[in-house]
Amino acid sequence: MSLGRWFEARDIKSMSPAAKLLTYLALGTWTVVVLFPLYWVAITSLKQPIQVSDGPYYLPFVDFQPTLDAWRYILVDTGDATLRPYLNSILIAGISTVFAVLVGALAAYSLVRVRQGVKLGSILAFVAIAAGITASTAALGTPLWATLAVGLALLALFVSTVAPRLKRAVGNNDILFWIVSNRIMPPVVSVLPIYVMFQRAGLLDTSVALIATYVAVNIPIVVWLMRDFFAGVPIDLEESAEIDGASKLRIFWTIVLPLTKNGLVATTLLVFILSWNEYLLALFLSTANTQTMPLLIAAQNATRGPQWWTMSALILLMIAPVVALTVTLQKQIARGLLVGAVKG
Amino acid sequence: MAVDAPSPTDARPSAAGGLLARWGEQFDSRASRLMVLPAVLILLVFSIFPLIASGWLALSSFSLGSDGVELKFVGWRNFRKLLTGSQQDHFLGLWSGIGIAGWVLLALAAAMLARWLWRARGSSAIGLAGRLVTAAFVLGVLALLAGTIGGDGAPGSLGTTLIYVIAGVSLQFALGLGLALLCAQPVRGKSFFRVVFFIPLMVTPVGIAYIFRMLADMSKGPLAPLWYAAGLGDFAWAADPWAARWVVILADTWQWVPFMFLVLLAAVENQPAEQVEAARLDGAGGWEVFRDVTWPAIAPVAATVVLIRLIEAFKIVDLPNVLTNGGPGIATESMTLHSFIAWRTQQLGESAAVGYLLLFVAVIGCSAFFNLVASRSRAHEREAV
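The listed protein sequences derive, respectively, from chains L and B. Here our numbering is used: position 253 in the first sequence is 253, and no number is missing along the way. Here our numbering is used: position 351 in the second sequence is 351, and no number is missing along the way.
Source of the hints: derived by calculation from the structure; they are not laboratory data. A portion of the hints provided could be inaccurate.
With a cut-off of at most 35 Å between alpha-carbon atoms, the simulated DSBU-like pairs for lysine-lysine come out as follows [unchecked claim]: (1) B:Lys190 <-> L:Lys331; (2) L:Lys167 <-> L:Lys261; (3) L:Lys261 <-> B:Lys220; (4) L:Lys331 <-> L:Lys20; (5) B:Lys190 <-> L:Lys20; (6) L:Lys20 <-> L:Lys119; (7) L:Lys119 <-> L:Lys167.
If you only want the chain L side, here are some residues facing chain B, beta carbon under 7 Å, derived [claimed, not checked]: (8) Thr137; (9) Met185; (10) Leu192; (11) Gln199; (12) Ile273; (13) Asn277.
Virtual Cβ for every residue (Gly too), placed ideally from N, Cα, C.
So here's chain B without its partners, still in its complex pose:
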């Protein structure tokens, strides 16, 4: 046997030591994989298990029997009640028919969606199915809004939530982007604006609801002289559905513009400065610079913040609950509030069913946004790179 031809195993000091070292390695590689485990376990217990249990609850009816709580399986009854039964007005709203403007809008949307579907005709079956669901969802939402808003119709908690989400997030994005663009210019006191503009994000929504109740008090609030001057002194916004909804949306906007502003400002400040300068030297005006340089640079970030904000916006509850208590009637009741009120009146099945429908709407709404808008802005980025 050749003495000086070490076999690979000789690299280890001894058999026992080799075993230990191997165990150590094994443990280390396992341990680094186990790092994800606590998060997964917590989510399984506090998110996935409740999700499944809640699904079961949504399919049962709940009653207080002689021996405590009693759950009975009732199938789709809770959902039927909300969609076609006694709670239809509450959930879907009061249908008044679609006006001419509504039909024009719907036709336009349908045409755009058809074009979008036609473009993707070559994609896989799953992708096509997803797109079909997205298109159907967008059309359904628009038809619901067109049919319940205006006339003698009234949106239910689904329509109200969608109004909050669409109006609120658009307003917040527009204001946040505008302020970010202004603040990115060479202005003095930038860090002052940054800190001040951030503050509303730190106020608890319950507090914001009360603050806006004080501000919106038309006879004793700080703006009272203005209301009187405008001849609106005895107007009660809390009794007017649209005024009440707008107060909720404005309060929500006050709180969330800072988030949009901060992230978009970071993105705008990070845009390629040389390109901006080159464009300016070529004689491009403010709008051209924004359209050709700034917007392509920040579009992916913009899509991401809007997506984050969309996810949170569907959950709105604190503001309408404290600001208007869902009133007048159910005019400002969001779906989470609807579910909470059902829970409080011990209609657990209905509560869980509303929750599930909210989950459904939020998931499809967010993925529709992702498919229609966000993925395109990212594709754009990839092309640019």
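Pulled out of the complex, with its shape left as it was, chain L reads as follows:
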């Protein structure tokens, strides 16, 4: 066989042997890059302190005798201290994901299918009234509930009488852009006032505070992704259901959502991962009661230097459910991503 063979493909659809070799080599290298850190975490969780501080040992049973000490420590000895953040994380990430996806999907759907026709004047009136409420509570010291009531009444009056006569309306795309642009705001900008808000309400260090905040930061993502999926649903289906007398909400629930299942699954998983791993907001808004897993892992560095072995076990414990979810839902995610990607 001549050398040239190596660089020639057999036919138009396949690769030359050399290209094939290089491709597998590159993909294999990246597989190692991805998996080796995780392997290192896994074996570190089986090491004793001395085996970590004594220098690199690579192979359990060959290099060092593995032990379940770290696992026993986090699961049995300090089981409660692990279980509580774990349950907190599941609860907070789970509930906030459900709410964010629900609220975001509703908004995305109505932005795709219903002309909102909000008048520019109504928005200006809202801003003016909000400024008035703030000014009168801050400067004149009127009670908040009273100004709120007056403000809401004024707004209702404006919307029902003046607004219908106004011409300039805000398009759905403007509303969409506004919702999505909220994601650009770094959480560190909004977290101080949110902190004070929850402190005033006595909700600091409760799961309510974290759930509400996570819902708010994830709504823009849901709206952005789900909008494309909803726009892909053929409108004929919805129109015929509408002729049959179904309400928009019913159409959304029984026709549109099932049709966009893949996109819904991919979006839900992404939002869940983001909430599950979130660190900065949790750092501000929770202390002891609602400590989440990222905070627990960060806390392994506290008093006696980094506890690499328990930390590794905790990291694995934290990755496990998300990896399981992703592998199970792999097909839907791939399909969901395809639609999202194609729409751009």
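Once you've looked at the hints, dock chain B against the given chain L.
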């Protein structure tokens, strides 16, 4: 009165029923418009209101008085402190002057921006103003980086954040695109690669920071033999500004390549297969196929993923906080971390001011990318269609 000439109102069964039906319709049309309301309300309470309150905080000084918290309006003092005052080194960095290479780079960038502005001379006043701001911002950023990197200068938290964003996102995009192109070829085990490559995205950044601290341990970590062989056994990366920054960037890259990879793979697999085949039959090589068929097909998606990634990249905090604690000195301190540290030391005004400056940089940075790169790739798509 003609009996068999029904008036339009007769279509409704009765007056009362008509009213009910009309109310029902009204409610339905309102309800479908109200579907967007929960999202808007939540964003108003947890995003817009905090944004405004934070702006007020950035203009005040905060102190613990005898009766609890005390806020005093101080105008632009917090911002002045960061931009020209005592915190200038911390935020903008230590200026060392621009070298020859820096000037060449700046001149090149200025020429390209001038060409870009000249091309758009016919657009509206607002568009022109936006372009001018974009151009000024890009030049300012480049001048800041050129003046603080190298020599005896040191970038502040602004420069460090920009280094993370620019180096990190470019590296992630290049690797993600490369892997996606490789994986889109007829290889076996595609779904295996897809699942494995996805994993880093699921690991919490705090965990990644610790994992990379273990891996980067040059005397006890898994790569220790390599470091010793290279004669770097007693090199402490945590004490070297650039080494520490690179560890942060690499950890960030490890986490975010999967995102780029997955979306770009979906886009590459969706490119028109007939065109690829036709090009191959015409004798086009791999590079020509990529340049003429694949890239035009995936450019809009590529612009979108980079934009998404840019938006998130400006917020980086977990990695430097856990990996290096912002050190050595402030070498790896991102703007969010700067703001967080200011908050922890009860300098709420400075914290909010840094946050606001980050918002400003992120908004202009993302829109500059959108104007300079993303919109062009979309225009290209429109022409193609």
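(message) Checking hints one by one. Is isoleucine 273 (chain L) an interface residue toward chain B, by the C-beta closer than 7 Å rule?
(response) OK, holds: isoleucine 273 (chain L) within 7 Å of chain B, min 6 Å.
(request) Verify the interface restraint on glutamine 199 (chain L): the C-beta must sit less than 7 Å from at least one C-beta of chain B. (result) violated (10 Å)
(message) A closest beta-carbon separation below 7 Å is what the hint needs, so does leucine 192 (chain L) meet it against chain B?
(response) Holds: closest Cβ of chain B sits about 6 Å from leucine 192 (chain L), inside 7 Å.
(request) Hold the hint about asparagine 277 (chain L) up to the distance rule: shortest CB distance to chain B must be less than 7 Å. (result) It holds, given that the least Cβ distance between asparagine 277 (chain L) and chain B is near 4 Å, below 7 Å.
(message) Check the hint pairing lysine 20 (chain L) with lysine 119 (chain L) against an upper bound of 35 Å on the C-alpha distance.
(response) violated (60 Å)
(request) Let me know if the C-beta of threonine 137 (chain L) comes in closer than 7 Å to any C-beta of chain B, holds or violated. (result) violated (13 Å)
(message) Checking one constraint from the list: CA of lysine 331 (chain L) to CA of lysine 20 (chain L), max 35 Å. Satisfied?
(response) Holds, at roughly 26 Å.
(message) Run the distance test for lysine 119 (chain L) versus lysine 167 (chain L): straight-line Cα separation, threshold 35 Å.
(response) The given pair, whose Cα atoms are some 7 Å apart, holds under the 35 Å limit.
(message) Check the hint pairing lysine 167 (chain L) with lysine 261 (chain L) against an upper bound of 35 Å on the C-alpha distance.
(response) violated (38 Å)
(message) Against the 35 Å threshold, does the CA-CA distance of lysine 190 (chain B) and lysine 331 (chain L) hold or violate the hint?
(response) holds (13 Å)
(request) Sort out whether lysine 220 (chain B) lies within 35 Å of lysine 261 (chain L), counting only the CA atoms. (result) violated (48 Å)
(message) methionine 185 (chain L) was flagged as interface toward chain B. Is the shortest Cβ-Cβ separation under 7 Å?
(response) With a minimum Cβ separation of about 6 Å from chain B (threshold 7 Å), the hint on methionine 185 (chain L) holds.
Of the numbered hints given earlier, the model fails hints 2, 3, 6, 8, 11; all others are met.
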